[in-house]
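**Student:** All chains, full assembly: derive it from the sequences and hints.
Line by line, the protein sequences give chains Y and B.
According to the numbering used here, the first sequence holds residues -8 to 1008 in order.
According to the numbering used here, the second sequence holds residues 21 to 474 in order.
Mixed in with the good hints, there may be bad ones.
[Stated by the list, open to error] 35 Å max Cα-Cα, derived DSBU-like pairs, lysine-lysine:
#1 B:380 with B:230
#2 Y:961 with B:230
#3 B:176 with Y:963
[What the hints assert, rightly or not] Stretches of chain Y that chain B covers, calculated by requiring three or more beta carbons in the stretch to come under 8 Å of a beta carbon on chain B:
#4 837 to 848
#5 905 to 911
Hints listed in this document are in silico derivations from the structure and should not be mistaken for laboratory results.
Every residue gets a Cβ at the ideal spot worked out from N, C-alpha and C, and that includes glycine.
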Amino acid sequence: MPELDRRDFLKLVGATTGAAAAAGCSDPVENLIPYVIQPEEVTPGIAVDYASTCLECPVACGLHVTTREGRPIKLEGNPDHPTNQGALCARGQVGLGRTYHPDRYEGPKVSGSNGLGDISWQDATAKVAAKVKASPGGTWILGGPVGPTLAGVMDEFVQATGAAGRVVYDPFDHAALRAATGLVFGREVEPEFDLSGADLVLDFSSDFLDQGTSPVAHAMQFAQAKDVANHGGAALVSVGPRLSMTASKADKWIPSAAGGEGALALALALAVYNKSGGAHKKGGSVAGDARGVSDLMSGLNQGQLLKQAGVDSHDFDALVDKVLHAKHAVALPPGISAASQNATSDAAAVLLLNALLGALDSQLKIPAEDTAERASSYNDVQKLVADMQAGRVDVLLINDSNPLYSLPASSGFADALAKVDTVVSFATMKDETAEAAGLVLPDHDAFESWGDASPRAGVHSIVQPTIRPLHDTQALGDTLLAIAREAGASVGEGSFLDRLKTGFMGTDWRQAVANGGLLDAAEAPAAEVAATVSQINVAPVELAGSGEYTLVAYPHTFLGDGSAAALPWMQEIPDPVARASWLSWLEVNDKTCEKLGVDYGEVVEVSTAGGSVKLPVYPRGGIQEDVIAIATGQGHTVGHYASLEGDGRPGVARGVSVISLLADMADGSGARTWLNTRASVSASGEYQRIPLTQFTDNQRERELAPTVSLAAVAAGEGHLADPKDAGHGGDEHGDGHDDGGHHAFILPFDPANDADPESEYRWAMSIDNDKCSGCGACVAACYTENNIPIVGEEGMAMHRETSWIRIERYVDEGDRSDGLERRPHPDREDLGKTDVRYAPMLCQQCGAAPCEAVCPVIATYHSPDGLNGMIYNRCVGTRYCANNCVYKVRRFNYWDYSRDSWPGNLNLMHNPDVTTRQQGVMEKCTFCVQRIHAARQKAKDEGRPIADGEVKTACQQTCPSQAIEFGNAKDKKSKVVETAHDETRAYHSLHILNTRPAITYLKQVDRSGSDDERSHG
Amino acid sequence: MTPPAAAAPPMNAGAVPQDSQANVDIMNVITRGVSAPWLIILGLALLGVAQAVGTLAYQTYYGLGVAGYQAPVFWAVYIVTFVFWIGIGHAGTLISAILFLFRAKWRNAINRGAEAMTVFAVLTAALFPLIHIGRLWKFYFLIPYPNQRGLWVNFKSPLLWDVFAVNTYMTISIVFFFVGLIPDFAIARDRTTGVRKFIYTILALGWQGKSAQWKAHNRTVLHLSGLATPLVLSVHSVVSWDFAMSIVPGWHATIFAPYFVAGAVFGGFAMVMVVMIPVRRIYGLEEYITDYHFENMSRFILLTANICGYAYAMEYFIAWYSMVEFEQTSFYLRAFGPYWFSTWCMIIFNVVFPQLLWFKKLRTNIPFLFVLCFFINLGMWFERYVIIITSLSREFIPAAWGLYIPSAAELSVLAGSFCWFSMFFILFLKGGPIIAIAEVKEITIHEKAHGGAH
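**Tutor:** This is the structure we're talking about:
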């Protein structure tokens, strides 16, 4: 045996150790490649914001797109935009998900024997061009409203190729409202409402807080109007057949017959008119044609109208009284859910009521013109379908719409589409129509392309690309120009972008792009009532078909007309009213359920003349007994999230589409109707689990969401047993409270002590429950800011939601009765009862946090500035913290969500400042600690403390109602301290437990006028 | 070699045939060879363990989603089962240590079985905190060890106390168990051949039965008893503090420590009976484990059942008396809420059924005792289920209330835990004397000497 000397031994040991170590590194080598030439504007680690425009709905709010290293990761409202002023709704928050969506077409497609196959752009363009050339008269463009430049290109295309024309189609178009404005004020435009100065808002099923004509702006204005300092703030009266999200915020809900809103508005107008003798409430006479109004009024009969509205005279008299007492009342016209064959007259009645209330030109403004492209008459759509049926359409180009889904089955569109020789879709993402098309020429996504929007006079906002196209797509404008050129038609020179720039001729293009466009909203000129107002005719609503129940199709807060069903966040965030997600449910009155012999979750069959669907029952008190309601937006058969494709069941619909039940009808002015059919309901004996995040609306007198009466606010009284009070020393407490507490045990709330005494900061938040509309924008913002995973239907059904902030919905103070049932459901609602409280719940960053003490590995700890920190890679997942969290805001990673819940490129949307969480660890709200850190670093560089308002949490930033304030509790002048220092309204959730939360809530103000003190349990 | 336990207690050297008979009878269990039923039962146990290991591998790889957790129920069957097995692990040390100190001679016949059960139950229980955590591969974060990352554990957390309490208890139980086995290993060494003899030789640690060895042995046992006695009380007290130290309504109660200890002794004795009754029957050990032993244990069960009953009543009384709505709701829903079934199982099995033990006829009716103890074990499992699940499912925020249903994975692991425990016990039947031979002899000799009165 050869001798092994010391050196050889060491060599061998070294070599084997090295080899063993190298063998351990089995991961492939990935190199970080630095920029060779660093692009201007890109500093790694520093976010760059670009101004753009949200294209999720026609309101077209302004956006700031936050990008990191060339990737857009977050959307925020553009603070300079006159419509949304920095806020954004839930849907706007997640619009970016489309860019990275797994449903996107990765290139042009042509249909073959095995579905859609690949084709080159050149071939596809040539193919379409040949068809268009062969039959220009049989060529139609059908699609959603687009920006002015693209509309120009389409017109150019139609003209140059000699195509038959273009039908603009938008399922949720406000055509009736525009027609009504024409009828009442002589200008066929979409009216603008300004609620900020109102002291009474009358909502006629308008859904103005989540749908309506401009939900973000209206929510913001309404919150301003509700400012308690301003004579207690505005009251809201809602009229409608069901307690919608908007009606839930009402101080008085007047249940009306479905479609009876217009009749009630007219009755109210008549009452006001009779009281004031023709003059409007503010003293002056109604501007315009008094004859028209008097003609109309003379033909009205209050009793008849009230009967039609289904409202009893007692309620009505109280309402009249309220209206006559208000100084600045405004009424909002019916939305989609109430669009019956009277839609135009209903809306006109409400507009006239506004005029009589003196709201014209103050709360209600009639712009001179409609700058946005509006949908064609629904009759045009029906005519096009008839043409297609008759074989008169050879080429159908479909953009920005999904008619195969969103037109009623009874319209015959599916058959008609099959008769069209060449169907071309420009869809970015898979949908029913695109999948049925012969050719798909995918457009860029909104964040990859140029574009513009002109939603209101004076506002011409720009859509600018923030990322290079991820797939082999082409801008729709350029595709159309290419087709036209290929077909030999003479279209102008230049690209779509050139045309867009031309539209901004005479302005500083660069500056316009930087600002997000030209954003000076024009003042609407004065309006007056036109003589045509006398044509208002609110006849009794006629419904198609037979059956005992009126079917109400109401717009889903998040899914809208169904176009947002593909966005997983919109599926996952629970419906603000039902707290259900990922499927459809049938809202039925409790008593009707008893009559039908069905209970929560039982599947029933709903049949109309249009068809029938099966879906689970959701019993509630807040709906008329003869009405059943289904939300729009579900029932897609295509899409990873929209259908059950992501669960491995391609072609199977998720939920049901209420559209399939509706009749294909337009009202007299050519507006599509949504309230047009009766339905029958029969039990099927099956059961389906509804993924419900909250299954009781009973707060059991626990004062989780207390209210305070307006009288108490005015008097500055109404102290709750608030730990804040105990801190003032000498304040004798303890008597008369039966909330189970002995105040001697409650330590004074002193935010300063809940952080390191050396620290300059103690982060704190205030949430105004009175302003909170429950719209869920904060939840969506939190999801996108903090890379919160999607858990899907199964996960939601098992209460495994991961949202760091949720909106709790309670009805009244509750009592101690229920909780016994295995399948409880919200059941404290009642017809006409309005005492709904929304309370956003997120980590309270307690000063004395129960979670911190029990973690065995110090994965959760108290930071010097008072936050409950969470160290993900320290967590072993004992979940003790979650058990001990009294607010139940801790979320657990049951699966490896960070790896598995982001199909497609969705992981590219992650915020690099926020760690994704591994399977088996806890997570929770951090008060957006990454934003605090960024501000701290900036402040440190500049040698100053963090300024008040410098850090905005994602939820605060986007809240349309501006209900959230955030700041430093140690800075006595900060906004959050000022807001929270409200002796009458401030309270802490579960203060009795002495957790010393950093979040101060402000009680909802009860403006219903009842004098009983509601704040005490 | 050394004569078979010839050197038994020096005080009565004349009782050799008696001794040998005990040696033969008890060692017979070990030496008479492997029977087919034994193999089948062991095989079934191994199968049960294997399926649970498979489930756990799946769970560790894919995540705890396979368990039925539904917020806000973040602790469920795994913790229920943990507490259950820790409770089972109480009887052994109680019998060995506390009853030893109280000189309750009747314990000698059952202490080995009880000790073995303790060790195996604790070995089973100790797995569950690991099964339960989200990141099994990071379990060592729970151990305070110096490391260059400067990480440390949180000594304020009851869960950490748990780590120490369970580990201490496990260590002392094993030591106690082993020390008691040394003389018997020597007997086994003398009666076996081949590999077994080799193993027993090592395990016997050179035991010769010399009086100096016996003296040392007896002293060790005495001292270990002294050490183990407080542990009997401490380990389940600490486990109870996992709950009592929290803020959860239904958990946050001062009665928890004695309540849990009493429950553990209760459940532990019941488990001893469930295990020993068939063993006695199968191996014909009626002469050593007599009805008298079972009757004494029944008395203990009756006592602890009533302590448990008192604790249950007191929980409800305090919840009502506190006037705290959270507590009142929690307890009201315990009895009448969605989990009423488990609550009534608990009360009926643990408090109502044991009242039958007031009758001597039933106390000495072995089949009855077996059935009763089976139900008591079931009831004790439900007790933990009630405490953990119902309390968590209805806490402070009604909007966050939830329900929990055990998943197939959890049931698989639960079944696996019984198989794991049985596996150890079945193997031990063939590996070590199930009755402490030397101690039994001590008694029988004493009885001889004192006229057979007990």
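**Student:** All hints, please: hold or fail.
**Tutor:** Status of each hint after checking the structure:
For the hint linking residue 380 of chain B to residue 230 of chain B, the alpha-carbon distance of about 43 Å lies beyond 35 Å, and the restraint is violated. Taken as a hint, the residue 961 of chain Y and residue 230 of chain B pair is broken in the structure, with Cα atoms around 77 Å apart against an allowance of 35 Å. Only pairs whose Cα atoms come within 35 Å are accepted, and residue 176 of chain B paired with residue 963 of chain Y is accepted, the gap being roughly 34 Å. Chain B is given as covering the region 837 to 848 of chain Y, and this holds because 6 residues of the stretch bring a CB closer than 8 Å to a CB of that chain, at least three being needed.
Counting residues of the region 905 to 911 of chain Y whose beta-carbon sits less than 8 Å from any beta-carbon of chain B gives 3, enough to reach three: the coverage restraint holds.
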